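Colleague: Put the two chains together into one complex, using the hints given.
First to last, the sequence lines map onto chains R and E.
Counting in the working numbering, the first sequence runs from 77 upward without gaps.
Counting in the working numbering, the second sequence runs from 2 upward without gaps.
Please keep in mind that the hints were generated in silico from the structure rather than gathered at the bench.
It should be emphasised that the depicted structure is a prediction, and the values quoted were computed from it without experimental measurement.
Even for Gly, the Cβ is constructed at its ideal location relative to N, Cα and C.
Not close to chain R: a few residues of chain E, all C-beta gaps over 12 Å, as computed:
id : residue
1  : Pro23
2  : Val24
3  : Thr25
4  : Ala27
Simulated restraints, written as ranges between beta carbons of each label pair:
id : chain 1 : residue 1 : chain 2 : residue 2 : range
5  : R       : Tyr290    : E       : Ala30     : 40 to 48 Å
6  : R       : Leu282    : E       : Thr25     : 36 to 44 Å
7  : E       : Asp55     : R       : Glu594    : 53 to 61 Å
8  : E       : Ile65     : R       : Thr556    : 26 to 34 Å
9  : R       : Ser461    : E       : Arg82     : 35 to 43 Å
10 : E       : Lys52     : R       : Asn329    : 20 to 28 Å
11 : R       : Asn541    : E       : Thr25     : 42 to 50 Å
12 : E       : Arg82     : R       : Lys400    : 52 to 60 Å
13 : E       : Ala30     : R       : Arg202    : 34 to 42 Å
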Amino acid sequence: MSNVNAVTFTIVVVLFLVVTLTGFAAARWRRAEDMLHLNEWGLGGRGFGTFVAWFLLGGDLYTAYTFIAVPAAMFGAGAVTGYFAVAYTIIVFPIALIFLPRLWSIARVHHYVTPADFIRGRFGSRGLALAIAFTGILALMPYIALQLVGIQAVLTVMGVGTTSGNAFVKDLPLFIAFIVLAVFTFVSGLRAPALIAFIKDTLVYLMIIVAVLYLPTKVGGWGHIFSTAQAHMTSISPVTHKPTGVFIPTTGNSQLAFSTLALGSALALMVYPHAVTAVLSTKRRDIIKRNMALLPLYSIMLGFIALLGYVALADKVTAANVKKANNPQLAVPYLFQHLFPSWFTGIAFSAIVIGALVPAAIMAIAAANLFTRNIFKEFFKPDASPRLETRVSQWVSMLVKVGALLFAIGLPKTFSINLQLLGGIWILQTFPAIVSGLFTRWFHRWALLAGWLAGMLYGTIAAYNVSTPTTSHWGGSVNTLWGHTYYIGLTAVILNLAVSAVLTLVLRATRVPAGTDETLQPQYTADPVDAPTPAPAAAVLGSEVSRGD
Amino acid sequence: MTQPSDTPATSGRFRSPVAAHPVTSAIIAILVLASIFFALYVPLYASATPKAGDFPFFYFYLLIYMPVLGVVMWIVITLQRRLRPGVPGPGAEGPAGADDGEVAR
Chain R
77 MSNVNAVTFT IVVVLFLVVT LTGFAAARWR RAEDMLHLNE WGLGGRGFGT FVAWFLLGGD
137 LYTAYTFIAV PAAMFGAGAV TGYFAVAYTI IVFPIALIFL PRLWSIARVH HYVTPADFIR
197 GRFGSRGLAL AIAFTGILAL MPYIALQLVG IQAVLTVMGV GTTSGNAFVK DLPLFIAFIV
257 LAVFTFVSGL RAPALIAFIK DTLVYLMIIV AVLYLPTKVG GWGHIFSTAQ AHMTSISPVT
317 HKPTGVFIPT TGNSQLAFST LALGSALALM VYPHAVTAVL STKRRDIIKR NMALLPLYSI
377 MLGFIALLGY VALADKVTAA NVKKANNPQL AVPYLFQHLF PSWFTGIAFS AIVIGALVPA
437 AIMAIAAANL FTRNIFKEFF KPDASPRLET RVSQWVSMLV KVGALLFAIG LPKTFSINLQ
497 LLGGIWILQT FPAIVSGLFT RWFHRWALLA GWLAGMLYGT IAAYNVSTPT TSHWGGSVNT
557 LWGHTYYIGL TAVILNLAVS AVLTLVLRAT RVPAGTDETL QPQYTADPVD APTPAPAAAV
617 LGSEVSRGD
Chain E
2 MTQPSDTPAT SGRFRSPVAA HPVTSAIIAI LVLASIFFAL YVPLYASATP KAGDFPFFYF
62 YLLIYMPVLG VVMWIVITLQ RRLRPGVPGP GAEGPAGADD GEVAR
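Okay, chain E solo, but in the shape it has when bound (with noise of 0.2 Å):
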C-alpha cells in the first residue's frame, strides 16, 4: 500500500541497477542459485566413488566446495561493484543517505 506511494517521490533519483545491468544481474544470480544448488542436491554426490585418497567422494566433495565457494562469492562481490551507478558515495545513495551525510558533518 505504501510502496507505490514511495515510488514516485525517488523514481527520478533511483534507477533499479538491475534493470540498468541485465546481463550482470542475471550472471550474479546464476552464480549465487548454483552455489546453493549443487550443496543442497544431495543425490549428485552421494556416493563412496570417486575417492579422493582415503576420503569417500561424498565427504572430499563438500570439503573442496568451501573453497570453490569463497572464489565464488568473490566473483559475484566483484561483478555487484559494476552494478552500482557512478563513484560508490555518500551522495550517490539518493536523498535518504545523502542527509544522512550531512548530519553527521
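In isolation and in its complexed conformation, chain R is listed as follows (with noise of 0.2 Å):
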C-alpha cells in the first residue's frame, strides 16, 4: 500500500527479527539434560527465578489486548468498561496471594504441570479434571486469538496488507508472524517466552514511560484531556439516547457493574491455564510471593496505559480517524502514529506485537499442556513416556495455534471480542474447584463438577441474551439481576458455588464415595530446594538427574 511509512515499518521488522532470534536461540538458554520433558519444554525446567518470573508473569498477564481493548473501551464507554481494569489489577495480588503459594507447593511435591493435574490428584476424580482441562483450552483460544486481533490492529495502521480482497493476501502479514510464533514454541518451549519476555517489556517500558509524558503535551495537558473525556462521555448518543460512557461511577448500578466486573476478573485470572504455567516454572515458593509484592508495578503502567484511551479521544485526527474505520481498538495504534515521529512509532507498534507473541506462545504451551496430560494421557495412553508426553504437547500446541488463527481471521472482530468475555466467565467456573481443592475437601467431586456445569450453562446463556442497542446478542459482560447490574461471571460462579454446596450435603448424607486424595496437608506450605524429580516412569530412561547441582 502506497501509505507505508517505511521507516515504521522497517524498525518493526527488524525488532520482529530479533524476536524470532531469540525465540530460537532461547532453546539453549539453561539447557536441560533432556529436553524431551514436559518440566522442561512446558515449564522451562520450573527454575526461574524471581527476576525471570517477574518478567515472564507480566508479559503472561499483561497482554496486547490490554495495550489495545483497555483504551478502545476508556475510548468508546469510559471509566466502567475501562477504568476497571485498574481496580482489577490491584486485587488480583493480594487475592493470588491467598492461594498461587499452596497451589505451587502442592504442584511441586506431586509434579503437577496443569491446574486439571491437581484436580486429579486432590479429587481422585477423572471428570472433574476433565471439565477443568476443557475449560481451560476452551478459554485460551478466543484468549490467543485476541492476541492476533491486537498484531491485526496495528497493521490495520501501519496500512499493512490491507487493500486485496483476497483472505489470504490481506492476512499475510499475520501469517507470518504466526508461523514464526508457532515454530519457536514447538522449538523451544516456555523457554522462548521467557526470554522474549525482557525484550517485551522493556520495549513496553519505553513506549509508556515516553507515551505519558510527551503525548499530553502534544494534546493540550491532562486537564484537558480530561474534561474532554468527561463531555463526551456526558454527551447524549444518537444511536442509544443515553450518555456515550460514564466518566466517574456515581450511581449505585454503575458502580456495582465496576466492583464485580474487577472482582470477577481478578478471581479469574490466576485461574487461567496460562497464569498457572507461568506460576509452575518458578524455582521457589517465595518467588510466587515476592511477585505478588513486585507486580503491582506493571499495573501502575496499566494505569496510564487505560488513559491513552482518553488522550486518543482529545486528540481531533485521532477520534476522526476511528471514527471513520468504526474501530475503537484502533484508537492506540492511530494516536502513536498521528502524534508520535515515525522512527518511534516504529519502537511503539513492535511492543505490541511483541507484546501479543509472548503471552500467545504461554497461552498455546499451557493449552498443550492440559490437553496432553489430561486427555491424551488420562484417557487415550496412560503409559505415555515423558518423551510422547513432550512430543504431543509440542504438536498440540502448534494446533492450538492454528484454531486461534482461523477465529482471528474468521470470526467478526465483536465476535472474538465477545467470545473473550465468554472465556473469562468460563474459567471462572473452574476457581471454585481449585481454589477450595487448595484449602479443604469439604466439597464433594460430584457436587463441584455439577456446580461447574450449571455455571457454564447460566454463564453462556446470560452473556447470550445480553443485548444493546447496535447488537442483538454477546453485547456485553453485565446483566441486570432483580433491579442491580452484575458481572456474570461472577453471578455464575455464585450459583456454580451454590450448587456445589447443596449437592455435597445431599452426597455426604448418602454416603457416596468421595474419591482418593493423593495429598498430604503438610504438602500444601512445602518449599522443596531440588527441581522435582521427573514422574517414576520417566526414571527408568534415566532422566533423573538432579538438574542445578
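Modeller: Shown next, in the form of C-alpha cells:
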C-alpha cells in the first residue's frame, strides 16, 4: 500500500527478526539434560527465579490485547468498562497471595504440570479433571485469537496488507507472524516467551513512559484530556439516547458493575492455565509471593495505558480516524501514528506486536499441556513416556495456534471480543474446584462437577442474552438481575458455589464415595529446594538426574 | 471424609502456624482483606474532587493505590516469613517435603 511509512515498517521488521532469533536461541538457554520432558519444554525446567518470573508473569498477564482493548474501552465507554481493569489488577495480587503459593507447593511435591493435574490428585476424579482441562482449552483459544487481533490492529494502522480483497493476501503479515510464533514455541517451549519477555517489557516500558510524558503535551495537557473525556462521556448518544459512557461511576448500578467486573476478572486471572504455567515454572515458593509485591509495578503502567484511551479522544485527528474506521480497537495505534515521529511509532508498534507473541506462546503451551496430561495421557495412553508427552504437547501447541488463527481471521472482530468475555466467564467456573481444593476436601467431587456445569450453562446463556441497541446478542459481560447490574461471570460462579454446596450436603448424607486424596496437609506449604525429579516412569529412561547441582 | 484420617498421621510434626502466631496472622489477614476492600468499594473514591494536579480523584486514587499495594504486599510477605516454624529448609515441611528432597539426591 502506498501510505506505508518506510521507517516505521523497517523498525517493526527488524525488531521482529531480533525476537525471532531470540525465540530460537532460547532453546539453548539454561539448557537441560533432556529437553524432551514436560518439566523442561512446558515449564522451562521449573527453575526460574524472581527476576525472570517477574518478566514472565508480567509478559503473560499484561497482553497486547490489554494495550489495545483497555484503552479502546476507555475511548468508547469510559470508566466502567475500561478503568475497572485498574481496580482488577490491584485486587488480583492480594487474592493470588492467598492461594497461589499453596498451588505452587502442591504442584511441586506431586509434579503437577496443569491445574487439572491437581484436581485429579486431590479429588481422585478423572471427570472433574477433564471438565477443568476442557474449560481451560476452551477459554484459551479465543484469548490467543485476541492476541492476533491485537497484531492485526497494528498492521491495519500501518497500512500493511489491508487493501487486497483476497483473504489470504490481506492477512499475509499475520500468517507470517503466526508461523514464526508457532515454530519457535515448538522448538524452545516456555523458554522462548520467558526470554522474549525481556525484550517485550523493555519496549513496553519505553513506549509507556514516552507516551505518558510526551503525548499529553501534544493534545493540551491532562486537564484538557479529562475535560474532553468528561464532555464526551456525558453527551447523549444519538443511537442509544443515553449518555455515551461513564466518566466517574456515581450511580449504584455503575458502581456495582465496576466492582463486580473487577472482582470477577481478578478471581479468573490466576486460574487461567497460562497464569498457572508461569507460576509453576518458578524455582521457590517465595518467588511467587515476592512477585505479588513486585507485579503491581506493572499495573501502574496499565493505569496509564488505560488513560491513553482518553488521550486518543482528546486528539481530534485520531478521534476522527477511529470514527471513520468504526473500530475503537485502533485508537491507540492511530494515536501513536499521528503524534509520534515515525521511528518511535515503529518501536511502539513493535512493543504491541511482541507483547502479543509472548502471552500467545505461553497460552498455547498451557493449552497443549492440558490436552496432553489430562486428555491424551488420562484417557488414551496412560503409559505415555515423558518423551511422548512432550512430542504430543509440541504438536498440540501448533494445532491450538491454527485454531486461534482461524478465529482471528474468520470471525468478525466483535465476535472474537465477545468470545474473550465468555472465556473469562468460563474460566471463572473452574475457580471453586481449584481454590476450594487447595484449602479443604469438604466439597464433593461430583457436586463440584454439577456446580461447574450449572455455572457454565448459566454464564453462556446469560451472556448470549445481553443485547445493546446495535447488537441483539453477546452485547457485553454485565446483565441486570433483580434491578442490579452485575458481571455475569461473578453471578455464574456464585450459582456454581451454591449448587456445589447443596449437592455436597446431599452426596455426603447419602455416603457417595468421595474419591481418594493423594495429597497431604503439610505438602500445601512445602518448599522443596530441588527441582522435582521426573515422575517414576521417567526414572527408567535415566532422566532423573537432578539439574542445577 | 479423607481429611480426618490424614490429620493424626501428620499432626505430630505439623502444627498450624496460624495457631502458633495469632496476632501476626490477624495482621496479615487484615492487610490482605483491606487491600482488596479499598479497591472494590467504589463509593469511597468515585468523585471528581479533590483533584491531584489535573487528575480527578477517581483516576488518581487507583493509580496511587498500586505502589501502596506493592508496599503492603511486601509487609505481608515479611510477616508470613515470621510465621514459618524454624529454619525454612527441605526438612521443615514434614514427611512429604523430606521425601521429595531424598529422591532428588
